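Undergrad: In case you want the letters, here they are:
Protein chains: 2
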Amino acid sequence: MPYRAPVPEYEFLLRHVVGFDRVAATDRFAEASEDTVSAILTEAGKMCEEVMAPLQRNGDLHPARLENGVLRTSPGFAEGWKAIAEGGWIGISAPEEHGGMGLPVTLLTAVNEMMSGACLSLELAPLMSMGQIEALEAHASEALKELYLPKLISGEWSGTMNLTEPQAGSDVGALSSKAVPNGDGTYAISGQKIFISWGDNDFSENVCHLVLARLPDGVAGTKGISLFLVPKYIPDETGKPGVANSLKVVSLEHKMGLHGSPTCVMQYDGARGWLVGAEHGGMAAMFTMMNNARLGVGGQGVGAGEGAYQHALAYAGERKQGRTGGTGTIGEHADVRRMLMTMKAELFASRAILMACAGAIDMATATGEAEWGARAALLTPIAKAWGTESGIHVAETAQQVFGGMGFIEESGAAQYYRDVRVTAIYEGTNGIQAMDLVARKMMDGGEAANRLLDEIEAHAEQARGDFPELAGAVWEAAEELREATDWLNAQKDMNDRFAGAVPYLKAFARVLGGHYHLAAALADKEGARAKLAAFYISRLLPEHAGLLAHARAGAADLYALSLEELAA
Amino acid sequence: MPYRAPVPEYEFLLRHVVGFDRVAATDRFAEASEDTVSAILTEAGKMCEEVMAPLQRNGDLHPARLENGVLRTSPGFAEGWKAIAEGGWIGISAPEEHGGMGLPVTLLTAVNEMMSGACLSLELAPLMSMGQIEALEAHASEALKELYLPKLISGEWSGTMNLTEPQAGSDVGALSSKAVPNGDGTYAISGQKIFISWGDNDFSENVCHLVLARLPDGVAGTKGISLFLVPKYIPDETGKPGVANSLKVVSLEHKMGLHGSPTCVMQYDGARGWLVGAEHGGMAAMFTMMNNARLGVGGQGVGAGEGAYQHALAYAGERKQGRTGGTGTIGEHADVRRMLMTMKAELFASRAILMACAGAIDMATATGEAEWGARAALLTPIAKAWGTESGIHVAETAQQVFGGMGFIEESGAAQYYRDVRVTAIYEGTNGIQAMDLVARKMMDGGEAANRLLDEIEAHAEQARGDFPELAGAVWEAAEELREATDWLNAQKDMNDRFAGAVPYLKAFARVLGGHYHLAAALADKEGARAKLAAFYISRLLPEHAGLLAHARAGAADLYALSLEELAA
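Residue numbers (my numbering), protein chains in the order written: chain A, 1 to 568; chain B, 1 to 568.
The shape of chain A in the complex, shown without the other chains:
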């Protein structure tokens, strides 16, 4: 399955759509000039195309497996990991003092998306390390940072996140893993964790687990949770992996897809761990990890969608069937063309949302301005949920282009569909993202949302001269979204917000998509970008109306039927 990294798409987005020049103009990211960015994207793209893409099928056909307690990864994955590590791609945004490149999260996000398009199951491994690096950087002691960060950034060691337990999924606060002080500054961690992505491998010297557990004096719920760093091998005095810690992979899950990525059940039996952050302050550290990972998972959705799209486009341009003009392929049929255009337009929009979110994170980092932080916080759940939602439906559409072959594994179309499905589930389900959007992210009374809508409307006003219909449609949709936002904010019972959270998030994404497409049209007034924008705004943006009706319906009717009546 050949894969072509969408480098030109990123160059266009950064230059014309999401205003990356603002990021590059800051002192913090002064090195991220246009040339540097292009060079980095090109180099990463090459690695994705040449090293990672050939591994995509390996992971599916030869899943990671556990042999007598030893984890064996898919053929070629060790070499893939090495290439990612040696290219410096794990540490793109990591601090330079520890060996990272110190570049904007915008670039990290772009590279992650490209790696996801090339081989999603392998990309999840560095993504886990990246989350750990960021959490340690923000919350760990200097000693821990000195020891772990260089190894994690170089890829000699790898990182994982251990949050979920059988009875504690979305409700992390219900966890029962325990941490007992050893008296020497370390802690004995015990408990079982499930759904641990890349919980082990056979290519990094050490595997470092960030584990949420409760200290003896930790209260029930999230406020009593602490975060611990628990390495597979305890570093010796020289910092090399020493004796094995008291932890093990109990089993691997048999999943619907993403077979190349081992999903582990982990058992900790008094394993030695080091506290990260404050006692009982685990949730704050976890959110650092999670926010990074959420944006990354949004990129996984978009990346897998891109891979699926390219695959379907290639098939459509080769497969001859029925009477058609032009190339004589199915790519000339109106319905196939509609599917191709839809995928292309959706990917552009989702990618722009990712980039806008990443850019806001960078601006917050560089300027310390609260407004950028609020923008990033607002966009993160949308980038995660919509990147994955649209990625799943692009993969579904791509499979449809293949007709009967799409259901046959040999075609590869099915793998994209199976693999990407998990992205709507893990790292906080898309329902959880939507609830985050309408609750936590609206604690400002909708200020951040309204500020973004102001920008969208002002931009639409500027575009009216060139694209009166498109600009008008975007303006109207933004205004309807604003009314729904106000409506949500006026609801005192949070359940009335939750009831419409998912459709609201989707409508928000639709409006953002229209906005970014309009920006693309302005930058390419006579070209393909403007035509794609017209397609999106006339055909896909109108979905926002139905979604907003759903978003504003309130909670009462959801409970009109009891669970018994739902079963009747």
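All the pointers check out, no bait thrown in.
For identical chains, the list gives no copy identity; a pair is met inside one copy or between any two copies.
Below, in silico cross-link-like pairs of lysine-lysine (DSSO-like), each with a Cα-Cα straight-line distance of 30 Å or less:
| no. | residue 1 | residue 2 |
| --- | --- | --- |
| 1 | Lys441 | Lys320 |
| 2 | Lys492 | Lys531 |
| 3 | Lys145 | Lys248 |
| 4 | Lys223 | Lys492 |
Worth flagging that the hints you see were computed from the coordinates, not collected in a lab.
Please read these numbers as outputs of a predicted model, since none were measured by experiment.
Since the structure of chain A is already known, use the hints to place chain B on it.
TA: Okay, now just chain B, sitting in the frame of chain A:
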């Protein structure tokens, strides 16, 4: 995975929503009294629950396989087939003179849907036989009927459809299989056929293939195709399976789902076949098979969706997570409840569309009135495409309810999602269905569509007194659909219709869903049905507007980007 056949749902639909009393009032179906119908549904439901549902996981975990050319089916499938056959379920609508029950297609459709919910991969086997029975009944010689129909109806023998070839999928006319007269009234059939569902098994005495092939004097394209009955074993003088015919299963496809159903590559090397219908008249016979199968596949989508829904509902009612009221389970969370209500409302609507289509087929059979035939023809592509589309998205939603467990095969949620996906692809992709709707089914200038819309609006008028808002919304939506229908009919370039075919079909289904929900509300004014209708009409029906905007956009913008630009 326990499964409960939705018999009460069918009883309600038949009595209150789709007017089955009209069918039962005809001479042809006078036996189908309310009591008889209930007894039959109950008996079939029992078989589905007790015999078929326990096989669902077997098919997935132990796929059908080919051992030295011999096909071995999944554990228990032979017993399952036997139970289906002995219950008479293959011949529900087959002629009584050959051992069938002669009952309405409405009942057949209901039973097929229930069997699909219990075990989709096994259900596909009788569905293939049913299509063959109908094709033979309509087009075969008396001698063929006498020999084959009783065996097919009793399930001693089974049937398949052989249409697709590697270069001839949606474009059946491109096929290259050949038929040469043997001089004794039989033909020698040669060629390769792919995607043959249940192309062989180890539980029926004989496997009868209906094969499309071209006679030496057959012109190119669909007009030169003939249909042949080609049995695995050639019947001897006593009608028993005799010598093996020159055909074989070359290989089985490795599919994304539906593992219990063997999808065969078939090779015919001068196999002896008997002509069905006229020489070069294969397409007509094929459409008889296909129309039956299309409605059946729509039922597969709804059935699999029902199975997935029940599974998710059971999980939601057990899984404790987070702070909730009521049962203390995730079923009390607004977003989960939204998903449950959505699934319930979607399944009701899709099932009503199936029943309305089946009822129209029965009325056409019983009365011979062209209007009923036109109604059935109009509803068939909608029933197929929407039954499967909504089934897929119900299965996706059900998987989402499971959270992380949904991606783990052990939960069973993933299997529904993987299995049902093919229903949008086979038996004519959903794109093909939509094109059929806007082209062939509009050759009457939209008369059948407008007649149905008249009924929907008149019904909404009647409902205004009790449900002013709901009735108003349905009326408005129907009117907008009418405008879109008129717009489509006014397009001279068929490509302008094809460009919006899929969203048009979806919008049509949404309006039909609103209509049937409104009928349900009228029959249960203070009850759960009315509440579910309010949910559907206020939250899901509004999607029609966005879909209709998409439907009326025309073809030009689809070709605004070349295939090269789509790849750029």
